[in-house]
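Engineer: Each protein sequence line maps, in turn, to chains A and B.
The C-terminal position of the first sequence is numbered 471 in the numbering used here, with every residue numbered one higher than the one before it.
The C-terminal position of the second sequence is numbered 257 in the numbering used here, with every residue numbered one higher than the one before it.
Simulated from the structure, these hints should not be mistaken for laboratory data.
No false leads were slipped in.
With a straight-line cut-off of 16 Å between C-alpha atoms, the simulated EDC-like cross-links for lysine to aspartate or glutamate are:
| no. | chain 1 | residue 1 | chain 2 | residue 2 |
| --- | --- | --- | --- | --- |
| 1 | A | Lys320 | A | Glu330 |
| 2 | B | Lys200 | B | Asp172 |
| 3 | A | Lys287 | A | Asp370 |
| 4 | B | Lys200 | B | Asp221 |
| 5 | A | Lys386 | B | Glu92 |
| 6 | A | Lys386 | B | Glu113 |
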Amino acid sequence: MKSININRIVIVGGILAGIITVSFFILPVISLLLRCSPGIILSSVQDPFIIHAIILSLGTAFITTVVIVLFGTPLAYIQARKEYPGKDIVETILDIPIILPPAVAGIALLLLFGKKGILGFFLSEIGIQVLFTVTAIILAQLFVAGPLYVRQAKNAIVMVPVVYDQAGRTLGASSFQIIIKIILPLARKGILSGIMLTYARAVGEFGATMMIAGNIPGKTQTMPVAIYSLLQTDMDGAISIAVILVWITVIILVMVRVLSDRRQVC
Amino acid sequence: MLNVRVNKQLRDFGLQISLQVDPGEILVLFGENGAGKTSLISMISGLLEPDGGLISLNSHILYDADSGINVPTEERNIGYVFQNYALFPHMTVEENIGFSLTCRGLLKEIIHKRVHEWLETCNLTSLAKFPVTDLSGGQQQRVALARALIINPDLMLLDEPFSALDMRTREQMRYELRDILKKSQKPAILVTHSIRDATSIGDRFLFLERGKIIREGSIEEFSHMSFEPDLHAYTCVKQ
Numbered sequence: 206m207k208s209i210n211i212n213r214i215v216i217v218g219g220i221l222a223g224i225i226t227v228s229f230f231i232l233p234v235i236s237l238l239l240r241c242s243p244g245i246i247l248s249s250v251q252d253p254f255i256i257h258a259i260i261l262s263l264g265t266a267f268i269t270t271v272v273i274v275l276f277g278t279p280l281a282y283i284q285a286r287k288e289y290p291g292k293d294i295v296e297t298i299l300d301i302p303i304i305l306p307p308a309v310a311g312i313a314l315l316l317l318f319g320k321k322g323i324l325g326f327f328l329s330e331i332g333i334q335v336l337f338t339v340t341a342i343i344l345a346q347l348f349v350a351g352p353l354y355v356r357q358a359k360n361a362i363v364m365v366p367v368v369y370d371q372a373g374r375t376l377g378a379s380s381f382q383i384i385i386k387i388i389l390p391l392a393r394k395g396i397l398s399g400i401m402l403t404y405a406r407a408v409g410e411f412g413a414t415m416m417i418a419g420n421i422p423g424k425t426q427t428m429p430v431a432i433y434s435l436l437q438t439d440m441d442g443a444i445s446i447a448v449i450l451v452w453i454t455v456i457i458l459v460m461v462r463v464l465s466d467r468r469q470v471c
Numbered sequence: 019m020l021n022v023r024v025n026k027q028l029r030d031f032g033l034q035i036s037l038q039v040d041p042g043e044i045l046v047l048f049g050e051n052g053a054g055k056t057s058l059i060s061m062i063s064g065l066l067e068p069d070g071g072l073i074s075l076n077s078h079i080l081y082d083a084d085s086g087i088n089v090p091t092e093e094r095n096i097g098y099v100f101q102n103y104a105l106f107p108h109m110t111v112e113e114n115i116g117f118s119l120t121c122r123g124l125l126k127e128i129i130h131k132r133v134h135e136w137l138e139t140c141n142l143t144s145l146a147k148f149p150v151t152d153l154s155g156g157q158q159q160r161v162a163l164a165r166a167l168i169i170n171p172d173l174m175l176l177d178e179p180f181s182a183l184d185m186r187t188r189e190q191m192r193y194e195l196r197d198i199l200k201k202s203q204k205p206a207i208l209v210t211h212s213i214r215d216a217t218s219i220g221d222r223f224l225f226l227e228r229g230k231i232i233r234e235g236s237i238e239e240f241s242h243m244s245f246e247p248d249l250h251a252y253t254c255v256k257q
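The shape of chain A in the complex, shown without the other chains (with noise of 0.2 Å):
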């Protein structure tokens, strides 16, 4: 008798621990959406300078995603696939953005292409200005959204069995052929998540940004970086491009997840 109201109780407590915790999570988003109605959201992104940070931050991160999937591809079939030495310090390398806090990464990123930094001395010296401008963003994107990538691809990689590998070099084909035919295709399900993921997480870079990008109306500010802007002079602007974000998200966490659903091939 005693242990059935015990295991009542735990059930009863789970069940609102569960209530509490998804609440926590999702009331701040429906009185998000609550407030602001489809009219304030159309009269602002009428604003050109509303207009103008939605379309960078969707650009750029778009760029980004494109250039960490070229580059972090074959880092994450490296990081899959084969052994080296030092392949557990790379491995932390790349966890250290996913960890470090956005404005310690904007400061990063600013001693490192500052005009005095290692690398932005050399660029100012041949004229290449990156502080402030779109070039900024991008780089801030990279470098918070980019091991979301490598992580999630070297994820699927390392699932499909390496026995597929060995059959396609039995089979006469090349590590390039096996990559492409093979590989690639059996853990696109797990690449797409993280692309997706990855560009969800590049548009909604702020810390960073507006460390190295600055807040430039019409020029570096980015969708995050206007809410935080907008905030104190147009409350409507601000909560209509959170709720456009909100749905860029919502629509990339469902799309990730019918992936997910169906990510077992082999």
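Since the structure of chain A is already known, use the hints to place chain B on it.
Structural biologist: Leaving out everything else, chain B in the frame of chain A:
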């Protein structure tokens, strides 16, 4: 003809094997799980590098520790049927069978012709467009065989090719496999720990234990050997 003399320190023991397989001959590597059978054929195929020794196939050196020769797997032209077939799950039956020809950059018409010849040989024509994941164990085995044989290999390696099959299919596939291998006239090595597989398919056997050959002979001799009856013939009683 295949000539092998290799040694390799495996996790639990040192493997040291010398063997020879004639054209058209089916050699059975028999022994318990973990005796070194798969390691040996992995070394022959190039998937695993020996510590020392020499492997030659039809007078071509594939591996020679002394002169530092180690021909990559993809250049050895050896057909390999993996234990669970390792068919590419994102491809259809004909895409799997034609994979090696696609990698060699052959013309589509030639690939199509050769794939359909093998589909016919292995009685798979009606399944050509099916995803391999929809096939039964026996059908998958035939696809794996066709995929390995289409490259016209100089040697066939088969690693426990019946392990994924039920008893009835297994019985039927033994004869089909021997028939296909004999028609191809390639030397072949079959890895198994089943007496029935060995006696139904093989011409000659090698009995491996902890990386060493402890007995060898013809399949007739093998048939007359005594085995522990309660261990699915895993253990050979040394005579």
